Amino acid sequence: MSSAHHLSYPRFLWTALRLATDGRPRFYVWMTVLTAIALVGVNAWAHQVSQGMALTAMTDHVSWGLYIANFTFLVGLAAGAVMMVIPAYLYDDHEMHDVVIVGELLAIASIFMCLLFVSVDMGRPDRFWHMLPGIGRFNWPISMLSWDVIVLSGYLLLNLHVAGYLIYMRFLGRTPSKRWYLPFVFLSIVWAVSIHTVTAFLYSGLGGRPFWNSALLAPRFIASAFITGPAFVILLLQVMRRTLKLKIGRGPIDTLARVLRITVLVNLFMLASEMFTIFYGGGSHAASGTYLFFGLHGKSALVPWIWTGIGLNVLAAVLLHLPGSRTRLTLLNTACLFALVGVWIEKGMGLIVPGFIPSTLHEIVEYVPTLTEWKITAGVWAFGLMVLTLGIKLAIPVLKGELSPESVRPPASPPAAAAPAE
Amino acid sequence: MDPKRRTVLKVLGGTLGAAAFARALAPLAAWSKEQSVDEFLQKHYQELSPQELAKVLRRLEDDTERKYGKKVTIQDLRPQQGVEFGYALNLSVCIGCRRCAEACHIENNHDRSTNNSYIRVLEMEQGSFDMERGSATYDHPVPADGKYYMPVQCQQCDNAPCVKVCPVQATWKESDGIVVVDYNWCIGCRYCEAACPYHARRFNWKKPEVPAEEINPDQAYLSNRIRPQGVVEKCTFCLHRTRQGRLPACLEACPTGARVFGNLLDPDSEIRWVLENKRVFVLKEDLGTRPRFFYYFDS
Chain A
1 MSSAHHLSYP
11 RFLWTALRLA
21 TDGRPRFYVW
31 MTVLTAIALV
41 GVNAWAHQVS
51 QGMALTAMTD
61 HVSWGLYIAN
71 FTFLVGLAAG
81 AVMMVIPAYL
91 YDDHEMHDVV
101 IVGELLAIAS
111 IFMCLLFVSV
121 DMGRPDRFWH
131 MLPGIGRFNW
141 PISMLSWDVI
151 VLSGYLLLNL
161 HVAGYLIYMR
171 FLGRTPSKRW
181 YLPFVFLSIV
191 WAVSIHTVTA
201 FLYSGLGGRP
211 FWNSALLAPR
221 FIASAFITGP
231 AFVILLLQVM
241 RRTLKLKIGR
251 GPIDTLARVL
261 RITVLVNLFM
271 LASEMFTIFY
281 GGGSHAASGT
291 YLFFGLHGKS
301 ALVPWIWTGI
311 GLNVLAAVLL
321 HLPGSRTRLT
331 LLNTACLFAL
341 VGVWIEKGMG
351 LIVPGFIPST
361 LHEIVEYVPT
371 LTEWKITAGV
381 WAFGLMVLTL
391 GIKLAIPVLK
401 GELSPESVRP
411 PASPPAAAAP
421 AE
Chain B
1 MDPKRRTVLK
11 VLGGTLGAAA
21 FARALAPLAA
31 WSKEQSVDEF
41 LQKHYQELSP
51 QELAKVLRRL
61 EDDTERKYGK
71 KVTIQDLRPQ
81 QGVEFGYALN
91 LSVCIGCRRC
101 AEACHIENNH
111 DRSTNNSYIR
121 VLEMEQGSFD
131 MERGSATYDH
141 PVPADGKYYM
151 PVQCQQCDNA
161 PCVKVCPVQA
171 TWKESDGIVV
181 VDYNWCIGCR
191 YCEAACPYHA
201 RRFNWKKPEV
211 PAEEINPDQA
221 YLSNRIRPQG
231 VVEKCTFCLH
241 RTRQGRLPAC
251 LEACPTGARV
261 FGNLLDPDSE
271 IRWVLENKRV
281 FVLKEDLGTR
291 PRFFYYFDS
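Chains as they are written, first to last, in our numbering: chain A, 1 to 422; chain B, 1 to 299.
Hints listed in this document are in silico derivations from the structure and should not be mistaken for laboratory results.
Among these hints, one or two may not hold up.
[Claimed, not checked] If you want the ones that stay clear, here's a sample from chain B, every Cβ over 12 angstroms from chain A, calculated:
1) D145
2) P211
3) R246
4) K284
5) D286
[Said to hold, decoys possible] Below, a sample of chain A positions facing chain B; criterion: calculated Cβ distance under 10 angstroms:
6) L39
7) D60
8) L187
9) I189
Since the model is a prediction, treat every value here as computed from it, not as a measurement.
Even glycine gets a Cβ: it sits at the ideal position worked out from N, Cα and C.
With these hints in hand, go ahead and build the complete structure from the sequences.
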């Protein structure tokens, strides 16, 4: 019964490869630029592996930096991207259905970046296999990092399945069968919450780091994920509408903006709660917070970062609540951009680094990323954007209704109305 | 564009990209020359058979001779039955001279260029136990007026946060209470470094440099053999000495007799006498880590 699939699936992959690499000149320019940046990152990483992580600014005092900061942000983006599935399915918003695949593709690209950021942070990437269940020694369920590996890989597979299935069905010219993707869509909503909760537990479970050791960390992560996901998708939909001539209505954008209006406020409220708890009591538990927001003993490398982050978050909140943000896209887009950068700072450099300053013996050693770290970071982002671009190119037919067998080549036999082999 | 021409251009672009990728990875060539297949495939320490372990030890000795120009002996020393180690430090007599830190540096074949050591000595203010008012980077004659000194090293916690968080079980607590690292299994994620409340762990940010004539040739797999680049290391109570009936190097170096080491299970040991007769405390007791390293003041 699935004999059709073993023939049509390879043909589908071949067509996908062709489609993903076809484009207008500006597509090639875009991909070439991204490739160049990614290669700069690859080269910097090769130097880092061969000469050691002494090429980074990390030390035994601040042992995680820019890589883990970006990792944390991107787990949020991956989770937030799929949360747009919630209005589409739970509230049966039909216009949202059409763009759900965009969120899933963003999630896929983000998880790829997450895995890369963890990999470039490893001192011994050649021993990656020690983590593989079966041949390695996986410290599950005790280590939170082992949980993170499981939930992130699971999330990647879930989204690859849903997005891949929808695109493949489009290729076959068939209506996707609900039982082959709807349960997975619902599972991915729950799973999205889990990836960011587990990532928060990585930090909040460490008793020796009072700055992270807060029960509010996981809720804060979820709140800010609900900012970055919708904000990124709002911008992405408009880019797609312009460059791909897609008919994307205002509906999805307005729905996402409504979500944003609430989450920016919730996030700021939680930040304020954290600040109150840190500063009202004071004492040595306030040391990291004092260092982050005001500087400590003359050291203040993070002060400009965090105030920029908070400033952008506040500005985004204000802009989103101006009546004009409902009609003027420039206003909305500016707010989205501010919110993205604001959360990137607050959750990245503003959360990971101060966890280490002062150190557990209360020494203050500062951290400013090196050029190597910036190159690798840019490289990973460039790679992620390439994945996202190619994914969207493949999904255009789903969004537009092309890529059916008729537009490619008639299938050898009419597809069986049975379960797909995917 | 003509589809054929487009395909040719695509293949050309792909080839160029692949070539550039290979070129970008070129720095790895030098690094990969230092790695061997045997090392890459080596199993976890606890899973090695006696024969496999013997082969690993010989390989590591050969590697050290080849890379550092020194003949060394790397032993596999297991915990002794009926022994649980404990360490106590008398804050009333410590003068902050850092001889312990220096002895650790030499004994454990630490990287010379970073002057690494498993011990950090805090200069604290009399009348205060606030580490924030202390300093680990003091640079003046000791003991200074109004100060006391508190050396901190791995507390060999019974409930060790570092062991819990390791995603690959590269670090564990042995039956004599010593927390060890399999340097050939560690993936270098540094989660343990984030989890440790005592700043006890160190990462090899680069390949350690030790001149051949300064290398301590008396080494053990789980302790002072020269560590590879990119892995975490820590104090092992000098298990290459203490599991053979000797005292830790930091204790032997102490000029004031501030350090007391011994078997907690031996009721006649000096460490037991200290625990029973002195006013003893542990660092950050509230975290529930249950250290085997104790501090005390003379009454």
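Okay, the hints, checked on the actual structure:
no., hint, verdict
1, D145, "22 angstroms, holds"
2, P211, "19 angstroms, holds"
3, R246, "28 angstroms, holds"
4, K284, "7 angstroms, violated"
5, D286, "8 angstroms, violated"
6, L39, "5 angstroms, holds"
7, D60, "5 angstroms, holds"
8, L187, "24 angstroms, violated"
9, I189, "27 angstroms, violated"
Figure legend: structure checked against the earlier numbered hints; hints not met, in rising order: 4, 5, 8, 9.
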